[in-house]
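K.L.:
Protein sequences appear in the order of chains G and A. Letter by letter, the first sequence follows residues 1 to 589 in our numbering. Letter by letter, the second sequence follows residues 1 to 589 in our numbering.
I should point out that these hints are in silico values taken from the structure, not numbers from a laboratory. Each hint should be verified, as a subset may be incorrect.
Distance condition first, Cα-Cα at most 30 Å in a straight line; then the derived DSS-like pairs of lysine-lysine [what the hints assert, rightly or not]:
| id | chain 1 | residue 1 | chain 2 | residue 2 |
| --- | --- | --- | --- | --- |
| 1 | G | K457 | A | K550 |
| 2 | A | K508 | G | K524 |
| 3 | A | K122 | A | K74 |
Derived CB-CB ranges, DEER-like [to be verified]:
| id | chain 1 | residue 1 | chain 2 | residue 2 | range |
| --- | --- | --- | --- | --- | --- |
| 4 | A | A221 | G | K524 | 55 to 61 Å |
| 5 | A | T415 | G | K183 | 56 to 62 Å |
| 6 | A | V118 | G | L151 | 45 to 51 Å |
| 7 | A | T552 | G | K182 | 47 to 53 Å |
| 8 | G | A221 | A | Q15 | 52 to 58 Å |
| 9 | A | V118 | G | K182 | 19 to 25 Å |
| 10 | A | N525 | G | E561 | 33 to 39 Å |
| 11 | A | T552 | G | T306 | 34 to 40 Å |
| 12 | A | D288 | G | A221 | 48 to 54 Å |
Quick reminder that beta carbons are idealized off the backbone N, C-alpha and C, glycines included.
There are 2 protein chains.
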Amino acid sequence: MIHERLLALRRVMEQKKADMYLVPASDFHESEYVTDYFKAREFLTGFTGSAGTAVITAEEAGLWTDGRYFVQAKEQLPDEIRLYRMGEDEVPGIEEYVEKNLKEHGCLAFDGRVVNAVWGEKLKKAAEKRHGTIKTDEDMLDGIWKERPALSCEPVWILDEAYSGKKTCDKLSEVRAKMKEKKADVHLLTSLCDIAWLLNVRGGDISYVPVPLSFLALTEAECIWFVQSGALDDAVRGYAEENHITVREYQEFYEYVKGLEEKTVLLDRSVVSFGICSSIPDSCRIVDEPDVTALMKAIKNETEITNIKRAHIRDAVAVCRFMYWLKTNAGSIPMTELSAAQYLERLRKEQEGFTGLSFETISAYKEHGAIVHYAPVPETDAAITGQGFLLVDSGGHYLEGTTDITRTFAVGAVTGEMKADYTMVCAACLNLAAARFLYGCTGKNLDFAAREPFWEKGLDYKHGTGHGVGYLLSVHERPNAFRWRKPEAVMEEGMVTTDEPGIYKEGKYGIRLENELLCKKGEKNEYGQFMYFENLTFVPFDLDAIAAEKLTDTERERLNEYHAAVYSAVSPYFSGEELVWLKDATRNV
Amino acid sequence: MIHERLLALRRVMEQKKADMYLVPASDFHESEYVTDYFKAREFLTGFTGSAGTAVITAEEAGLWTDGRYFVQAKEQLPDEIRLYRMGEDEVPGIEEYVEKNLKEHGCLAFDGRVVNAVWGEKLKKAAEKRHGTIKTDEDMLDGIWKERPALSCEPVWILDEAYSGKKTCDKLSEVRAKMKEKKADVHLLTSLCDIAWLLNVRGGDISYVPVPLSFLALTEAECIWFVQSGALDDAVRGYAEENHITVREYQEFYEYVKGLEEKTVLLDRSVVSFGICSSIPDSCRIVDEPDVTALMKAIKNETEITNIKRAHIRDAVAVCRFMYWLKTNAGSIPMTELSAAQYLERLRKEQEGFTGLSFETISAYKEHGAIVHYAPVPETDAAITGQGFLLVDSGGHYLEGTTDITRTFAVGAVTGEMKADYTMVCAACLNLAAARFLYGCTGKNLDFAAREPFWEKGLDYKHGTGHGVGYLLSVHERPNAFRWRKPEAVMEEGMVTTDEPGIYKEGKYGIRLENELLCKKGEKNEYGQFMYFENLTFVPFDLDAIAAEKLTDTERERLNEYHAAVYSAVSPYFSGEELVWLKDATRNV
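Isolated chain G (complex conformation) (with noise of 0.2 Å):
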């Protein structure tokens, strides 16, 4: 079937004259995940990640994608797709590889509306180097892709300020404030989460994310919002007009853009789309920032830090019944990854607020936990016997906030590598956790402290130690991260990150422990602004897989701390055989 697609995207490539071919994995927003309409990728491949770009040429078809994919890559590519693996030695670039593999004065060709504008010029700039061209204006699997589904339209709904913590009019009045500081025109904003943090909508268009499809202009005057009219209803059309938003049709945004002249237009490239950069007139002056309301509203506020604290209780408080249920009934009763998945989104959809997964599960047991980004799905879905680890990564949505916690379980005997593993995560997952650092530290500061006791035995995982969670927005949310190569932002009082740090043996197992931490304000002194986390993750540790005699003394403190904190928690929700299990699973080492 994909060997058909191929052989169909060739020919147009042909009758095009396009040399090259590449499909990313984004949309027209550089949303991280997409709804359906947009993945062509996978349609292409057969490859389900959600991070990677096909490029295709008449002689070969190749896929790049990164080292959380590369075994997930390798099980779904047929054999005629290469996988690039991305960060390893000798594997180039996707600019590196357009370089030395288009032809001489041939055509490469994207659509450049999936394709961000940073990445869209450099792409060019490959091109160039074979004296080629680019050719952006088409989507070349329109044609192909006969089933392809249809744009999403789901209904906006409004966020009450009760959630949100600041009125849309004063957001939009700070945002203007930046606008002019910078002396811009035109702010065009096309991250969805942006829009939606902005204007205190939400809606249902992309999966695990519940933000709708739109593009937003703001100038000093308007506020221009180009949303599909179908998902809006009266109560939402009032909200715009009582906000002094203007509703226009959500394709009518390319004609918007066309239109500009003269104007100073504040955009991030590296988000807003190849094919509306270009659209912009020439008369206009591009001011390339990154989007001011990315840093506010990666700041919580003080109503959304209470929220937060909340919506995390209660997601704890489903998660440790989720434990309580794994441990007992292992290897007695039934279940696979995916029913055991299907447990805990049923104890998540009691909880108050909920509104809705933040990602797709990952319920991966013994050697699929070493698939960083595992997902089950029917075909792969194994049984859970009474014997080693099931790592589940998961997170709710709740009116309240976003939650993301990864928790390892033994679910029956555990080797004494095992132990050792899980021990050493959860010592560099509370070493981070415990970080005292001065103002002005960003991720690639701290990351060090989660990763120390990696490094130290010549161990890493391939992945950040952690990223930003929105609220009620995407699960995955810029600026702040703690990486130690990637860009950094500092860390500022009420940002909230995951500090997740694994080991995955290829075949055998994975282990990943996550918790999420809101940065706080600590002592100022003669030294400066001391800053540290506070926990928002209430779940226990596996004590059955923590080997106490390998923890330093101040380890173990950390441990004792961390569970005496969740039985104070979440205890108050519990009673019966369950506290007593909580009590138990909870206990000093």
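Take the given structure of chain G and dock chain A to it, following the hints.
P.N.:
Just chain A, lined up with the frame of chain G:
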């Protein structure tokens, strides 16, 4: 006296219609240490610190310096010069001060030869915000400073390949290859250490840095060395000829630059002066990049590494001998900060290949230790009695390399607080030295390893954790460093970096402990190339100041392993009572 100098300068400023005059502590080469001719800021303000800039207006005089020098500046500056503590809240930076205090349409003046191009541009912009102008063609202190020392003109000498490890022609070829990559016709090099490294020459025109004053212009066909003819003997002239190096007079460089037409000029605007950059004709294109020699010289070659290890053993023998003498005699024979420093210098002079100190020895007793860059002078020279700490930060140049070591010694009774502090600093130093990390890490990633024990307690030190060290060049060498806030360079195999955490209690004492670390490649496995540090410095930490019970097991092991290595490295050079002492000073705790 300072008062009269300020008055005289203000009279010149009035004549020349300058409303504000800026005096940095630099020479024509952005050297860190400058020869006496360039100590204009010291002449004007009385402040002797190596870093700091004076700004004078008709009404005010200010001095900006960083945390290392706050205490010292406060002591040395007269009341009429205000101290601006850089980095503290609400203290304006110099450009900010210019923006706020230059009068409307005023003139900001500075000598364009002693301000680098990047900074000069910023100052110009700051003046322009007041619709002001800049005047950069004059050193206004010239007429006032009657006894100004002449420009130094010490003999240049050739560094044999047995020490440099690489022929000049090979170094020139490598730089030319980099120029070709960057499509540069001319490379202008003004950093004295980079020129000395490239040409394998040394000199004596800069305090503590054995390099000659010179400029260099490199093209594909020519290597023109602008150097004082009085500094060259026949041997050096012959050597230049052999290596196809054209010698021209030092001052002719400015004319040479003005004569460049339609060339692509490679230079580092953060190093090359504003005066030089401004005089490059408009027909030229500037490629502004870090000097390629900076990275080349930071990565020591095998010959250099072998030599450096030898130099460090010799230096350690001198410092160990000093430690024995100090610990045996403090309190019973008369000694002062200065006499102790002189004693240590004598011990270094006994070592083979020693050519001079690599910086002014910091010998700081008791509360002087809290002044980060204190150096004793007769007026402050404290008698060392039998109690408290003596902090000694010192280093030597040897034909085989340059050393930099700090030890803090208990010269008698120390309190529990002092021991706890010493133990923390020692643990921090050993913690960073023990770091293993993946290739790609910079000092920004690793600094946390040293600061963690401080930050945990709400403490910090207001200086970098470490800096690169040159080979018979500057003891402070870019680009490698351990700093959490500053730009960063990847830690490469062959780089030498200091590891020097400290704690400073104003009015009480200071503790700093410093070793040098050589970066090496470790295991390469599925996770990547691991790196680690090899210790180069072999002098005991003072066990009289260690509270062993405050060390974790890991820290204790590290300390004992370090001391075993010290004993093994230097014991062959000791005998009798000294050897007995060394054995005890490196005992297990």
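K.L.:
If you check each hint against the structure, which ones fail?
P.N.:
12
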